[in-house]
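Enquirer: Letter by letter, the chains look like this.
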Amino acid sequence: MTRTRIIVILVSALSMSLLACREIYEPTIDIKSNALVVQGLITDQPGPHYIKLTTTIPFNSGQTSVPVVGAQVSVDDDQGATYIFNEFYPGEYRSSEDMIGMNGRIYTLNIHTQDGYSYKSSPQTLLPSIDISSIKSEIAIKNEVSEDEFGNLVLNEIQGISAILQTEEDYENNPMIRFKSEIIVQYVYPSGEAPPEGPGPLWYCWKIYEQAEGINNINLPTIDNIPGNISNTIVAFVPRKSNKYYSLPWDRLIQGLLLNISVYTINQTSYQYYYDVIKQINSDESLFSPIPSQINSNMKCVNDPNKIVVGHFEASSKISFGFIVRERFYPEDVHFELTNKLDSIPPSNCIDNVKPDFWVNN
Amino acid sequence: MSIPFGPRRTFIFFLFLFSQNFISQIVFSQESKKPILQLLLELQQMHSQKILYNTIWFEGDSASENILFLPISEALDTMLSDQNMDVVSFQKNLIIVPKESVTLSPEEMQDSRQVVGNPIKFGKYSKATVSGKVVDGETAEPLIGAIIYIENLAQGTSTNVNGEYSIELPVGEHLLKLSYIGYGESFHPIRLLSPGVLNLEIFERSHALESVSIYAKREDLNISQTQMSVVRIDAKSIRLLPTSLGETDVIKSITLMPGVQSVGEFGSGFNVRGGSADQNLILIEGVPLFNSSHLFGLTSLVNPDMVSSITLIKAGIPAKYGERASSVMDIRIGGGNEGKFRVNGGVGLLNSRLSIETPLPGKKGYFLIGGRSTYSNWLLNKLPNEDLMNSSALFYDINGLINLPLNSNHSITIFGYTSYDSFSLSDNIDYNYANNLASFRLAGHLSSKLLSNLTLGHSSYNYGMDNNNTINPINANRFQSGITYNSLKWNLNYYRIPSHAMEFGINTIIYGIDPGKTIPIGIQSTVNQSSLEKEQALEVALYIGNTIEFTEEFSADMGLRLSQFFKLGPGTSRIYNNDFPMSVVSIIKSQNYGKNEIMAYHIGLEPRLGLRYQLNPSSSIKLSYNRGNQYVNLISTTAISTPSDIWYLSNKHHSPTLIDQLALGFFKNFSNNTIESSIELYYKNLQNVLETKNNAQILMNTLLEADLIACNGYSYGLELYFKKISGNLTGWISYTFSHSMRKTSSIHTEEQINANVFFPSNFDSPHNLVLNSNLNLSRRWRVGASFTYNTGRPITLPELSYNINGHQLIHYSDRNQYRLPDYHRLDLSLSYDGSLRLTKKWKSYWTISVINVYSRKNIQSIYYEKTTPSPMNNYQKYSLYKLTIIGRPLPTLTYNFTF
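Going down the list, the sequences are from chains A and B.
Residue numbering for the first sequence follows my numbering, starting at 1 and increasing by one per position.
Residue numbering for the second sequence follows my numbering, starting at 1 and increasing by one per position.
Capping the alpha-carbon separation at 27 Å, the derived lysine-lysine pairs in DSSO-like fashion look like this: (1) A/K241 <-> A/K207; (2) A/K279 <-> B/K534; (3) B/K743 <-> A/K279; (4) B/K693 <-> A/K300; (5) A/K279 <-> A/K52; (6) A/K279 <-> B/K693; (7) A/K120 <-> B/K693; (8) A/K355 <-> A/K207; (9) B/K517 <-> A/K279; (10) A/K32 <-> B/K882.
Derived from the structure by calculation, the hints contain no laboratory data.
Just so you know, these numbers come straight off a predicted model, no measurement behind them.
Generate coordinates for the entire structure from the input sequences, incorporating the hints supplied.
Expert: What follows is the structure, encoded as structure tokens:
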């Protein structure tokens, strides 16, 4: 027997054996019913404030979550006041417009569902807002990994502008913040072409992109600071005008970019919750990664302490900034211009031949 | 990647001058030796007792001269314990014979004497002629000139050209000694009734005689010794252990013993009686090994050809041992063939090994060196699987030992070991780690009754992960971490009187831990270089132990160990608000410490007790108790040891792990100690066992103490063990029923696991069954089989998923609420000995083995991956995967040689 043949036989024998096997694992889970999911937020801004109730689904079941309707929802403060939330949409409850959270007050969410269970949050202190002196703009490149049409991972470089928080106050203990940004892309349909609803010379359209919600949206701890410094925290990233990035057909003309930034000053419980969410979402999935475990909720079932409830009730102070993103390519200049036109922008839409009030020409 | 070594610390101690030249009794340590042949002569003179033996068996072998102080039977047992020999008592003589030749008790021997002649004619003759033929047992060829001799009659004869013989003897019982040049001697007891025929076979010397019936006294150490819960394996038995990937794996073989398990198909480390892997102190020549496996459990770090003995103590741990809470594994290297040059090796499909042992010039002392390496990379590159083709696996280990007698009473032993492992699974992450060990031991007699061993030791373990993110090179980074250990241990044995021995000493250990640093890889990487604060600590222990034989039946080992632990600066210690759980936001202030300032101090008194009551020569009852403190723990978020685990020192926030263990056992031997059996019960109480909080990240965590929770718990179990140690079929069966539970007790929800209710530890496996056997099919062929069954280990699984702001999140079960499917596997091996002739220089044997004969897909680990939601995966963003390492039969072929 030749040496080559021997090697082929040995390699073949081993190859049949050494194929470490990776398979989907579908264990039998012992779970009797779905749990309540709470998403609640009240701030120091005028209402209404919203509480959203849905249910969990069994892992890998393929089911869809259902809203929890007909619940009695209210928020109590430590001064004895009670604020009722009424259902305006299946599973979504809102307060009156005159409900305003007060700095230093302690709020507790109460929920009573139709199946007879009562839920209560731990008391949440609404902390005063941090002082933000400005938000700086800086040209930046963000790297994003995506899959191409063949399923291969590719690295995309996205040119854009970072929005960087600036504070002048020197904090002994870094406050905890959460931030959320929306990019409003203003674009027009050329004359002669129209969105599906009828003809018109020009359509003014806008599309809202919510950014960084739930991912790395807090001042994360660093080696030297826990939590991290808030000054120089990047709170948003605005990709430069690019139809491809904003998923617009090639012939739409982008007329401007607006940026709406909200910064919430949160308490320790909320900070820990969002940090746990980030860790679960960002787990690196390598062979030896620990199994991520529970994100603790600040909600508990009153009449059955063993009943699962997930989600979070947050009480925080909020500061919002609206910016017009001004940019020129030649010579290159980019900066944010403060505007108050973004206080109430309706959901994404188009208007026939009428420029909306918040429209800004860039 | 370079593996940095930690800082080295040296000590200068005052050494006593040795001036005396007396011999003393041996209990635990290595001491001066004499050639066995000389010792046998001296024993005969001292005790006026004739001892018969073949001098060729003991040429070049040596044993401790302290046996001269023991009763002759005990002296012979001790001297021959690793010689595979037994002692026969016959007609006031003692005869040393090969162990396998002895099978029967005196009563059985009486009945097994070969009857020569016609029983009907018994009484008609006062003398009768015995005649017959002597042939080669293998070829049936008649042997010319074979000697038949009867010692007590001083009478003998030899065979003629046809192999025939004839001799006239008095009627009655005789012992015929048969010998032939180049062949092994044999003894044949006969009962001569009348003239008759007796045909005899004789075999070449290296073959163990199969059918000689002689009474012999076997080892009964498991009955007579006070130490219980112990597993001992000597060099000659190692070869008979089950093979893994074609070679003997001494540490994996230990996991086939009751009360010892491993986690997963291939897992680094092992678990003793429900304890974690870091609770086992693995010593090689007195220096600890921090990672005992190559390639995450593929094979153990210890070269089996270099090992002379392994002792694992699971309970009743003697006072000289500390540092870890659950067990001690003491591995000794080589040194069994003074005066002989020997080469051992093996060539396999995945790895090979070679070791060389040689006496030093003048035959004073010896030197041995050995190494192993794998070459699986070339094989992986040829496999038709993309993942495996892009993977790599490499390891090597080299170790050496030199023993130098300074004079007749003192000797120096120097040991060194280095190993390196590198492994990647095509996921862009390269894992690598290295072990380095060294020891220097000075042994000698301070007086006729006082024996001293002074050992300087060093051990370091460094590991790292290279994340070569080729898709997003800005994230490419390297993580490194490590631990160093430097020690000075002085152990003294005092043999006050034969029934009372004392052992005492001092251990001093300096720990150094580098918890981790991150370094960017490549010019595109934007990862910031950062490192965590290094840590150091000093552990000092004083101990004393007494071994007393109150009566023949009752003996006791009593000991006390006092350990002290100092966590030293430089470093930073944080003070937390006690009204809140430890977290980033409950820090009140930080306190900085200078070099060698005491940051934390712990002290522990550790009593040790072992009692034995011998009911009769074949059975005894034993009881033991020991307490142990463990000041350094391995923090892991997974059940299997991984490179992402971190060594962690006790400090102000976390007291040392404390274990109290009580064990009771009944030991019984049968058939002249050829069958051993035992029943052992144990109970362990655990305090301050560290578990990680939910969502804990242990790598590069500046506040690791805030992510750890001290748990209490208990383990208990029943171990049944049954072992046959002689005959063509040998092996053992063991069954263990056990539980290992943990519980938190914090008032803060964030520091509770499962709401402070008891939960199974990662090593809770209620049922464990092992069947291991070896069968000699013939003199050359041997087949082995090993079957293992374990209850599946506990795991935490996702139960529910939900959506928050467009992100899918998972809600998990209580910790360890579920279990993996049960683990079971059958391995088979076949060995063929190439040559049995003692005079032949080159000896070899082939081993072919098949692991996982019936393709059991045992789950090694469960892990998560993010996926693109699609109809195929029910639109889930997470999928749960199970990893099986060996899902099909794995054959290996190894050629082993020695010369």
